[in-house]
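All chains should be modelled from the sequences, with the hints used to inform the complete structure.
Protein chains in written order, with the numbering used here: chain L, 1 to 202; chain B, 1 to 202; chain P, 1 to 202; chain G, 1 to 202.
Among the clues, some could well be false.
Remember, identical chains collapse to one label, so a pair may be satisfied in a single copy or spanning two.
Unchecked claim - Derived lysine to any residue pairs resembling SDA-like cross-links, with alpha carbons at most 20 Å apart:
| no. | residue 1 | residue 2 |
| --- | --- | --- |
| 1 | Lys33 | Leu118 |
| 2 | Lys33 | Val44 |
| 3 | Lys33 | Phe90 |
| 4 | Lys33 | Ser49 |
| 5 | Lys33 | Leu46 |
Quick caveat, the hints were computed from the structure, so don't treat them as lab data.
Number of protein chains: 4
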Amino acid sequence: MSEAERRFSMGRLEAFSDGVIAVIITIMVLELKPPETPEPTALVRLWPSFAIYLVSFILVAIYWINHHNLLASAGHVTARLIWANNALLFCLSLIPFATAYVADTDLAPFPTMVYGALQFACGLAYFLVLSTVSAVRRAAAEPLEASRVHIVQNVLALAVYALGTALALLSPLAALGLFLFVAIAYVVPGLLAEVSHRRHTH
Amino acid sequence: MSEAERRFSMGRLEAFSDGVIAVIITIMVLELKPPETPEPTALVRLWPSFAIYLVSFILVAIYWINHHNLLASAGHVTARLIWANNALLFCLSLIPFATAYVADTDLAPFPTMVYGALQFACGLAYFLVLSTVSAVRRAAAEPLEASRVHIVQNVLALAVYALGTALALLSPLAALGLFLFVAIAYVVPGLLAEVSHRRHTH
Amino acid sequence: MSEAERRFSMGRLEAFSDGVIAVIITIMVLELKPPETPEPTALVRLWPSFAIYLVSFILVAIYWINHHNLLASAGHVTARLIWANNALLFCLSLIPFATAYVADTDLAPFPTMVYGALQFACGLAYFLVLSTVSAVRRAAAEPLEASRVHIVQNVLALAVYALGTALALLSPLAALGLFLFVAIAYVVPGLLAEVSHRRHTH
Amino acid sequence: MSEAERRFSMGRLEAFSDGVIAVIITIMVLELKPPETPEPTALVRLWPSFAIYLVSFILVAIYWINHHNLLASAGHVTARLIWANNALLFCLSLIPFATAYVADTDLAPFPTMVYGALQFACGLAYFLVLSTVSAVRRAAAEPLEASRVHIVQNVLALAVYALGTALALLSPLAALGLFLFVAIAYVVPGLLAEVSHRRHTH
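Structural data, given as structure tokens:
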């Protein structure tokens, strides 16, 4: 199989991953069950479902962006990269399940803990892909540059997921807040850096 | 992240968006639950479900077309464009939910209002992408030409969505008619323009 | 919009259609509900579900192949082509609904009739795309060659769908047989032609 | 149709297959129903669901990899290849159904048997594609090299699926173990070969 996999193009690995992530991010909404009665209060009572769906959507979108940049810098495909990538896709594919679990139990402590633990597992699987790409680059004598910030960022995210997972037993709401914080902490600096960059170049 | 995102190709942003929109437009039908009994009346009673599904299908198809043309003219990808685009995809991903909500409650006033408000939010998110693309083009000293008609068209659509959202409380059916009108008002002029163009050139 | 649509590349229209059709053909299986009890008889009792799923799978696969060849010969994209194509995708997107309807009602007469009527509608929508492509080709003074067999084939399929739709009221099983016959009648000649072609060239 | 199919590009056949497989591997998780109560025991009781989901995910991922390499070596598309491929996609599309069947019945003997029989059918359909590709290559006087190991591997997998299907009646758990064994037996050697290859070249 090893030889066969060497024939694999990076383009197809990316396209397959993008396809799986596009389906994951979209089918999550199927787990959002609309209320069967038309009263506004029935919809408002669903707010934990919307909150956890929003968090999941942003986190999966971040994985899509980071994953894409990571593969783009990998150069070529190995069996180890394919299976590290499959491990990540497997973890991500459970996010709709965990999202529905939290939503259906109205943000109960244990399901929120499971959600946090799954995000932690996704983070670990992402590290597996990252270390595989680094190994490929080292073997090609082209070490991955400028990834130190990226690694620190991901270690911090893992730490916050671990904290959120523990906190969920005491206060699921605080845990949800932490997960949302990770999502925003990823997105905002990139946007701000761009704005400040634009100001400096004009 | 800002640097990483600059490496992003427009092609992948388009492919991912197309994937998400293709899944959205297709999974909506999963929310159409067939009657469990074979009598024709049971199927006929589902007409509000079919009507709202048809409206949703056309509106999502229009977003697909407009979104595609917009990105095609953006030139390059920025962090702001990625997240404006994600905001639009997030709003669009809720359309199957809102469609099922209207269908399951048989076109009740409040759910129809929620549906209109979501279409309004999708329109706003589309404007966010539009203004981001305009900013990118201005920065590159290539202002987006001929988009004034497009902007007027979208402002009018927003106004009709707002009207429909308010109207839904009085008459959900009239609101549904307005949403269908927006859909047809987008599609028909393009078709007519093409026919008249063809007549003039032959 | 007409101008905007002229910028549309055929590649994206194909990719979007392929994405929608790939999702349709795959989510149909979600409507196949496995029995909740492990007895073999409970599974065997599901045979109408499997039969209609098989028919739907083959018919959608045939649309994928024919649709693909048709677009490949269209040359360029017009607003009319986009909306004829959307009409076809809309009809196809209802096939999982109609399949579930027949499956859930155990091949009852009326649902089988609705299934046949939908296949008839899909066939009509396909003709709409076909005539649009023909018009594009005529306008470019490159009439579509060799499509007469294709048109006859599709008219015959429409006739059989109409017959099956009527027959369903008397015998849903016979109608199912007719739909399966259309599917096989499309697939087998192509395979046989290929075999005989290979024999003649060796 | 045969002539039309000759116009088919391999790229689209691959893209469509990848799309269908990406949807299959992702929608399987929709069949994993989260417990409705937040107690940890309710989640733990779902372990057969997770086990069978993991096995299905790995097996479908293996089909994706093998299928991709196989098509890459096929050279050109024939009607027979399209329909052999459709037969494989049809069998694969039933895996979410069989996975849900095993999960919903808590790993009961008969459903586990059906699961094994379906994996056997997928293996047979894969052989159909393999033999079609071989025939295409022989016709082009470019016999498929180095595929003997691949054939032996697949025959062994079929034998283990047959064994697992029979064993399921006595012990569904042992059958599940066998299916997991096939999955691991495919993945591990490729990874080990790569590691040893790297050691030898450094």
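Here is how each hint holds up against the structure:
Taking identical chains as interchangeable, the C-alpha atoms of lysine 33 and leucine 118 lie at most 20 Å apart only when they sit on different chains, with a minimum of 16 Å there against 22 Å within one chain. Taking the shortest alpha-carbon separations for lysine 33 and valine 44, only the intra-copy value of 13 Å comes in at or below 20 Å, while the best inter-copy value is 24 Å. Taking the closest pair of Cα atoms, lysine 33 and phenylalanine 90 come within 20 Å of each other only across two copies (16 Å); inside a single copy the shortest separation is 24 Å, beyond that limit. In this assembly of identical chains, lysine 33 and serine 49 lie within 20 Å of each other by CA distance both inside one copy and across copies; the values are 9 Å within and 16 Å between.
In the homo-oligomer, the alpha carbons of lysine 33 and leucine 46 lie at most 20 Å apart both inside one protomer (9 Å) and across protomers (19 Å), since each shortest distance falls under that limit.
When held up to the earlier numbered hints, the structure conflicts with none and fits them all.
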